[in-house]
Structures are given as structure tokens and as C-alpha cells.
Amino acid sequence: EDQVTQSPEALRLQEGESSSLNCSYTVSGLRGLFWYRQDPGKGPEFLFTLYSAGEEKEKERLKATLTKKESFLHITAPKPEDSATYLCAVQGTGYALNFGKGTSLLVTP
Amino acid sequence: DAGVTQSPTHLIKTRGQQVTLRCSPISGHKSVSWYQQVLGQGPQFIFQYYEKEERGRGNFPDRFSARQFPNYSSELNVNALLLGDSALYLCASSLADTDTQYFGPGTRLTVL
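Chains Y and E, in that order, give the protein sequences. So my numbering is basically just the index in the first sequence, starting at one, shifted up by 15. So my numbering is basically just the index in the second sequence, starting at one, shifted up by 1.
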């Protein structure tokens with residue numbers, strides 16, 4: 016059974032203080048690993064798709080990396096508007112996305 | 002281009018009632034998936050449809066059903082509502098069944 020574990024559950028950073036969020040996974044036949052951002056009461060907003068170990072993708076202050084067992088979402092010099100819950104999901108041989116519980120990020124000025 | 006749209010935005014029902022939630026995918030997308038998200042958890046997969054056929058079903062009771070129409074929009078039906086059905090119901094669309102899924106704003110269902 017596919018499993019996704021995200022850590023930490025919550026993270027508080029000062030503006031400009033870089034950090035990383037972790038997503039550990041077990042899946043049979045990885046089709047893709049996905050990162051989403053979710054604001055309270057809203058639907059998840061797509062950030063990245065990673066398909067194979069060694070792949071990296073960047074968007075503004077965010078960079079996602081993938082190994083065979085985990086993915087990291089690196090946040091460089093975060094701003095208060097980066098505060099949100101970050102969700103990681105894997106798609107295996109089925110069609111469903113299996114999500115972790117998310118990391119709640121708070122960036123203070 | 003418009004994103005995924007869902008209606009209604011909010012819904013309040015009482016136990017035992019039935020509810021229908023609606024979703025319109027991004028133009029050109031042929032696959033729609035439904036997820037349930039309770040507070041503090043990640044979304045849980047309910048159904049996926051592609052080209053009007055069910056491609057996958059999550060671990061939900063038969064009270065939950067869905068369908069996809071020829072224009073690729075979709076409905077999720079939940080019968081005999083329970084208090085535990087209170088959640089944010091999310092619809093996601095993708096070009097095909099294995100492509101990146103883009104989510105709508107969700108429907109907040111409260112069961113009293």
C-alpha cells in the first residue's frame with residue numbers, strides 16, 4: 016500500500032530564514048510525486064511534478080528534489096506570503112493521488 | 002483559461018439527507034477525480050473518471066457514487082449523510098487519467 020509521511024507537521028520561520036520540508040514515501044511503481052500548496056479553506060494549488068530520482072524543479076523561492084525514498088521542498092528566503100500548508104502526494108500504479116497530512120508553514124515578518 | 006469550478010461553495014445538510022456536488026473540469030481535460038479532505042488531514046481519494054468510465058474507487062462506502070457526463074463535467078452523490086461526512090470535497094481535473102491533477106476550490110459540506 017502506498018504511504019506518504021511528511022515532516023515536520025508544522026514549521027515556523029522568520030522571513031528570510033531558509034529551510035526544507037520532507038516527504039518520505041513508499042509506493043509500488045512511482046508514476047509521479049506531486050507538491051501542492053493549500054491555503055486555509057481553499058483547494059490545493061499545483062506546484063511541481065517529479066518523475067524520477069535525481070530530478071529537480073524550481074519556481075521562485077521553491078525548489079523540489081526527489082530521491083528513491085523521499086522528496087524535499089526547499090524554501091529559500093521565505094516571505095510571509097509563503098505561509099500555507101504544503102502537501103506531498105504520490106501516484107503509483109493506480110490513478111489516485113495518495114497524500115501526506117501536510118506541513119503547515121508560518122513565515123513571520 | 003478558467004480553472005476547475007465546483008458548486009455549490011458551501012452546503013449544510015442534516016443526517017440522513019442526500020447531497021449532489023458538481024464539478025466542471027478545465028477545458029480540454031477528460032479526467033475528473035474526487036477527494037474528501039477532513040480538517041488537519043490530506044485529501045483522500047474517492048473516485049476517478051476518465052472518458053466517462055470509472056477508473057478507480059477509494060475506500061468509501063457505497064453511499065458515495067459519481068458519474069461523468071459527455072461534456073466531462075462530473076457529479077458526486079452522497080446518500081444517507083452521516084456527521085462524519087462533514088468535510089471539504091475537492092474535484093480535480095487532468096488531461097488524462099495519469100496526468101497532473103489540478104484542483105478546484107472545493108465544496109464545504111456540513112452535516113448537522
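Since the hints were made in silico from the structure, they are not lab data. In this text the structure is predicted, and so the values were computed from the model without any measurement. All C-beta atoms in this analysis are idealised placements derived from N, C-alpha and C, irrespective of residue type, glycine included. Don't take each hint at face value.
[Said to hold, decoys possible] Capping the alpha-carbon separation at 30 Å, the derived lysine-lysine pairs in DSBU-like fashion look like this: (1) K57/Y x K14/E; (2) K31/E x K116/Y; (3) K57/Y x K31/E; (4) K74/Y x K53/E; (5) K74/Y x K31/E.
[What the hints assert, rightly or not] Heads up, incomplete: computed chain E residues facing chain Y, CB under 10 Å, no partners named: (6) Q7; (7) S8; (8) G59; (9) D63; (10) C92; (11) A93; (12) D98; (13) Y103; (14) G107; (15) R109.
Results of checking the hints against the structure:
Taking the CA atoms of K57/Y and K14/E, the gap is near 21 Å; set against the 30 Å cutoff, the hint holds. For the given pair, K31/E sits about 28 Å from K116/Y by alpha-carbon distance, which is consistent with the 30 Å threshold. With a CA separation close to 23 Å, the supplied pair K57/Y and K31/E stays within the 30 Å bound. Using a Cα cut-off of 30 Å, the hinted pair K74/Y and K53/E is violated, with the two alpha carbons roughly 34 Å apart.
Between the alpha carbons of K74/Y and K31/E the distance comes to roughly 27 Å, so the proposed pair stays at or under 30 Å and holds. Given hint, Q7/E at the interface with chain Y, holds; its Cβ is 8 Å from that chain's nearest Cβ, closer than 10 Å. The beta carbon of S8/E is not positioned within 10 Å of any beta carbon in chain Y (closest approach about 13 Å), and the interface hint is therefore violated. Taking 10 Å as the C-beta contact cut-off toward chain Y, the hint placing G59/E at the interface holds, the least distance being around 6 Å.
Among the interface hints, the one on D63/E is violated; its C-beta lies about 18 Å from the nearest C-beta in chain Y, farther than the 10 Å criterion. With 10 Å as the threshold, the beta carbon of C92/E comes within range of chain Y, its nearest partner Cβ sitting at about 8 Å, so the hint holds. Nearest Cβ of chain Y to the Cβ of A93/E: about 8 Å, under the 10 Å cut. The hint holds. With 10 Å as the threshold, the beta carbon of D98/E comes within range of chain Y, its nearest partner Cβ sitting at about 5 Å, so the hint holds.
The closest approach between the C-beta of Y103/E and any C-beta of chain Y is roughly 6 Å, which is under the 10 Å cut-off, so the hint is satisfied. The closest approach between the C-beta of G107/E and any C-beta of chain Y is roughly 5 Å, which is under the 10 Å cut-off, so the hint is satisfied. A cut of 10 Å between beta carbons decides the hint on R109/E: the least distance to chain Y is about 7 Å, and the hint holds.
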